[in-house]
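Q: Protein chains in written order, with our numbering: chain A, 1 to 552; chain S, 1001 to 1552.
Hints listed in this document are in silico derivations from the structure and should not be mistaken for laboratory results.
Treat the hints with caution; some may be incorrect.
What the hints assert, rightly or not - Only pairs whose alpha carbons sit at most 25 Å apart, straight line, appear in this in silico DMTMM-like list of lysine to aspartate or glutamate:
| id | chain 1 | residue 1 | chain 2 | residue 2 |
| --- | --- | --- | --- | --- |
| 1 | S | 1513 | A | 14 |
| 2 | A | 509 | A | 494 |
| 3 | A | 514 | S | 1051 |
| 4 | A | 514 | S | 1016 |
| 5 | S | 1402 | A | 472 |
| 6 | S | 1514 | A | 51 |
| 7 | S | 1196 | S | 1159 |
| 8 | A | 495 | S | 1056 |
| 9 | A | 495 | S | 1090 |
| 10 | A | 514 | S | 1056 |
| 11 | S | 1402 | A | 361 |
| 12 | A | 501 | S | 1090 |
| 13 | S | 1402 | A | 91 |
| 14 | A | 513 | S | 1014 |
| 15 | S | 1196 | A | 91 |
| 16 | S | 1517 | A | 16 |
| 17 | A | 31 | A | 51 |
| 18 | A | 402 | S | 1361 |
| 19 | A | 402 | S | 1090 |
| 20 | S | 1175 | A | 91 |
| 21 | S | 1501 | A | 90 |
| 22 | A | 495 | S | 1241 |
| 23 | S | 1514 | A | 14 |
| 24 | A | 501 | S | 1057 |
Protein chains: 2
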Amino acid sequence: MKIALAQLNYIIGDFEGNRLKILEAIARAGKEGSDLVVFSELSVCGYPPLDLLEREDFIAACNRVVGNIAESIEPGIGVLLGGPEFNTSDEGKLLYNSVFFIQGGKVQQVFRKTLLPTYDIFDEYRYFEPNREFRLLEFKGKQLAITICEDLWDEQPFESEFSRSRLYTTDPFDKLNQFNPHAIINLAASPFAHRKMEVKQSIFTGKATRYGLPVLYCNQVGAQTELIFEGGSLAINSQGEVIKRLAFFKEDFGVFDLEDLAGGKAALSENPIPDRIEMMANGLICGIRDYFGKLNFTSATLGLSGGIDSAVTLALAAEALGPDQMHVLLLPSQYSSGHSIDDSVQLARNLGVRYDILPIEELFNQFRDTLHPLFQALPEDIAEENIQARIRGTLLMALSNKFGNILLNTSNKSETAVGYGTLYGDMSGGLSVLGDVYKTDVYLLASYFNRHGEVIPEHILVKPPSAELRPDQKDSDSLPPYSDLDRILEAYIEKQLSPEKVVALGYDKSLVKKIIKLVNQNEYKRYQTPPILRISSKAFGVGRRLPLVARY
Amino acid sequence: MKIALAQLNYIIGDFEGNRLKILEAIARAGKEGSDLVVFSELSVCGYPPLDLLEREDFIAACNRVVGNIAESIEPGIGVLLGGPEFNTSDEGKLLYNSVFFIQGGKVQQVFRKTLLPTYDIFDEYRYFEPNREFRLLEFKGKQLAITICEDLWDEQPFESEFSRSRLYTTDPFDKLNQFNPHAIINLAASPFAHRKMEVKQSIFTGKATRYGLPVLYCNQVGAQTELIFEGGSLAINSQGEVIKRLAFFKEDFGVFDLEDLAGGKAALSENPIPDRIEMMANGLICGIRDYFGKLNFTSATLGLSGGIDSAVTLALAAEALGPDQMHVLLLPSQYSSGHSIDDSVQLARNLGVRYDILPIEELFNQFRDTLHPLFQALPEDIAEENIQARIRGTLLMALSNKFGNILLNTSNKSETAVGYGTLYGDMSGGLSVLGDVYKTDVYLLASYFNRHGEVIPEHILVKPPSAELRPDQKDSDSLPPYSDLDRILEAYIEKQLSPEKVVALGYDKSLVKKIIKLVNQNEYKRYQTPPILRISSKAFGVGRRLPLVARY
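Only chain A is shown next, with the shape it has when bound in the complex (with noise of 0.2 Å):
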């Protein structure tokens, strides 16, 4: 038996889009030979449709498409899409995260999502209601354990200290197992995160060791708003060896023989996970150009500061959308240093992006004189600073609103942890590109760029970090070193550690409670950050719920 693995990238609601995309990989697979031809984790719609979920006419939508497609196929071919589905009963959750297996013209069996992730940025048992009935497909003299993304996630390390590998009472492939499958198929939407790549993999090639069958896994790929699905589809023999892993942060495509992987045909090729940075470059590529494609914009606009978060932003955004489309302010103040605008000027010609250079004293001297009756005499102190900050974004938006393009934050997830921005200000954009990247990995990101040769220039990868909004001020005189700022925020936030532990990774105490006082008092600004794109298994934004009234 044949099977083909579509890893597509659609989009939320799309529902035409995603209809002729499937057919289309249909057609393909028809063509290649194929028997059974199976998408990712709810492909219907796109995955996460989130409340959408909650909408009649969005159901309808979905079973629509489903229908449609089951009509259009040749009756030969089967089909396994995903999709939500109704739940018919009178009580429990409305929906079922589904898979609709199609064959001869109609949906001919549904298999429903046992285990539904609910933490982090998942939420499915808001919807869903979990699957209690478990049953293979046969089809084709072959018995197939049809999984649903997390089903196979019955044990999983978490990153956070405070948690248990076991985090369910179930496990549905050893429900499934008992039937003696031939395979395991699982759809899934499983987003990218930079340290859990290995984990990942080892999720599927340890259930296909321990059970001794070959393991198919589509992944969905893709970004949808701040969430990145990196793609990377497994075909995974009965020996739990890779024999293909299909594209990461792009389509692709691929056929396997079943009796081939069964018989534990050998892996045809080393096939290491690439670089940790160049995973994590490409993936916030993915993430900017989908952001960008999917609202139907082409350009972009942002600040260039002189410092190395502006820069690797643009240049991140130059590969995603092209150099040609992102136009650049330099926003210089009195306190602007002029090394800031040479190496400005420099990138910007480096990468070929258009820039213009408006300096900002006058109209911060406009705002102080504007003030001055009320604020009279007083010192001038963080609320000027701010001033500064805020003319940058409202010029920076009003180049975004003449011109269509949309600005792009370019915060760093240690300052946006600590609390080192301008609300309205330098915290403005549509989309936070470096907002999951500590300040040492953005260092990392800018080497990677300058890789074949210097495109960000080297002063800005040496020069003392400043924000530049009062004389000879420098992110050290307040902050740790970023090394060290860094691990703490990691251990704090990724893992999850008390203060106590923290402080026992070798940190100092006053130190240690200074940034933990930091990180929960600006959990208001973090609530009006922009969409922060996704790369860490814990992100600031919706997969990060803290209140922001509280005293702890």
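Fit chain S to the given chain A structure using the hints.
A: Frame of chain A, contents of chain S only:
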């Protein structure tokens, strides 16, 4: 048996404050001869603690408070205290949402929540494993059915048409009833919704009537960021009559004799729920007061435009915080009408609030000059309109940053829905007061404030709404009358009707289509709005999760 209900206002994570409050209530209950004191759901930490529940140190702190309370109180009194409980099994979610029965110096028994609301603003299955064991609390010869909030809501009328009354496959009280309890006790954290007050009461009176049992319902009171808990705890006799309702929107305490309730002692007095708009006003005032109080802020600012939204926001805030804690700005441009300033000045004087007038024309001109190299002779458009709004936002935030008062956002739900607002301009603020109040209700709130005489100048109520961002602009230039707009929005947002069903209510098809498109297209703006005080069953914010990038 005498049972006390302690309806308290907790600060999330303020363990010391919560502990002292709880001990004080237990002491009072003891003095008033109570046998048992009932607190609200998760009272130890305050509801909803959100992802703080994922922190080991947070759970440890909860446990310490429970232990301390058990050791601190008189051994004779019984206490039902809500708190998270560690799940000692090696599988399933890490926690239970539990009630600790404390007596004789220790936790004697634990009762766990069965129905875990995971919809709208609720995410309980994110953290908690459901209860599967049912038994009563036997105390002083009485058998008590201990339930936690949703446990009594096995059947409920949702506002959305595409939903069902039986969201769960278990009815916990039905199981408890098999053991023949003498009364039902419910520890709750049930948030306010202005159209659900009668429904909420009927849930409890309905259980009492159906089973012929008294119900004692203890709700949390006070606001937690966007969520407002109205309190209104109930003592209901076995005929389903409300004997006593504790106060709305403030802490309260009551002791009830179970014999009286069980004997069906009649209601002593008529106790109608106040008018919808009065409840809404008091809810919003509670929301503002607690947001500031719990963050340790005392003073607020906002921009008075001369329109009704900023006027009503100011009236609410002045009542919540005191007029002496308000400092408002009038920020006229060349497009502002004279009456806008006159009306605003009159309002500030009526309320006794400090105001300053800072004209923004020069700043606006300076922005146009700065941008001239880029904009050249392009016609003025939305870009220039937004610059004005952002200048105002920057001036208001400068005041906020300099003097430490929080900027209140004044956008209403109607304009937030259709995207009539400028990100980083009038959409700025620490808290949105009216973001869940439709424009037609804003007018009713204004009339409510004028019920004893003019507070909000009559002219503000009668003039046609305008953003005044270009000459002679009126809201009605591009929007239908608010009475129509609001009904369409409510049908689409609260009731989640399909576009076809909204049209079937009697509206023009192209109008409905246009409005729904505006709602969907502006998801990106709402992503970055401040927390919105929630007064309806479906507010923008944490309870409404839609993909920003989607085509639907």
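Q: Hint by hint, say whether it matches the structure.
A: Going down the list of hints, with the structure as the test:
1. S:1513 with A:14: Status holds; Cα separation ~17 Å.
2. A:509 with A:494: 19 Å, holds
3. A:514 with S:1051: 21 Å, holds
4. A:514 with S:1016: Holds - the C-alpha atoms of residue 1016 of chain S and residue 514 of chain A are around 21 Å apart, at most 25 Å.
5. S:1402 with A:472: Holds: residue 1402 of chain S and residue 472 of chain A sit about 22 Å apart, inside 25 Å.
6. S:1514 with A:51: Roughly 21 Å between the alpha carbons, so the hint for residue 1514 of chain S and residue 51 of chain A holds.
7. S:1196 with S:1159: 9 Å, holds
8. A:495 with S:1056: It holds: about 11 Å lies between the C-alpha atoms, which stays within 25 Å.
9. A:495 with S:1090: Holds: residue 495 of chain A and residue 1090 of chain S sit about 20 Å apart, inside 25 Å.
10. A:514 with S:1056: 20 Å, holds
11. S:1402 with A:361: 20 Å, holds
12. A:501 with S:1090: 23 Å, holds
13. S:1402 with A:91: 55 Å, violated
14. A:513 with S:1014: Distance of about 17 Å is within 25 Å: holds.
15. S:1196 with A:91: Satisfied, since the Cα-Cα distance of roughly 22 Å is no more than 25 Å.
16. S:1517 with A:16: 18 Å, holds
17. A:31 with A:51: Judged against 25 Å, a Cα distance of about 37 Å means the pair is violated.
18. A:402 with S:1361: Holds. Residue 402 of chain A to residue 1361 of chain S sits at ~20 Å (cutoff 25 Å).
19. A:402 with S:1090: 58 Å, violated
20. S:1175 with A:91: Holds - the C-alpha atoms of residue 91 of chain A and residue 1175 of chain S are around 17 Å apart, at most 25 Å.
21. S:1501 with A:90: 23 Å, holds
22. A:495 with S:1241: Roughly 51 Å separates the two Cα atoms, so the pair is violated.
23. S:1514 with A:14: This hinted pair holds, its Cα atoms lying about 18 Å apart.
24. A:501 with S:1057: 10 Å, holds
Comparing the model with each numbered hint stated earlier shows that hints 13, 17, 19 and 22 do not hold.
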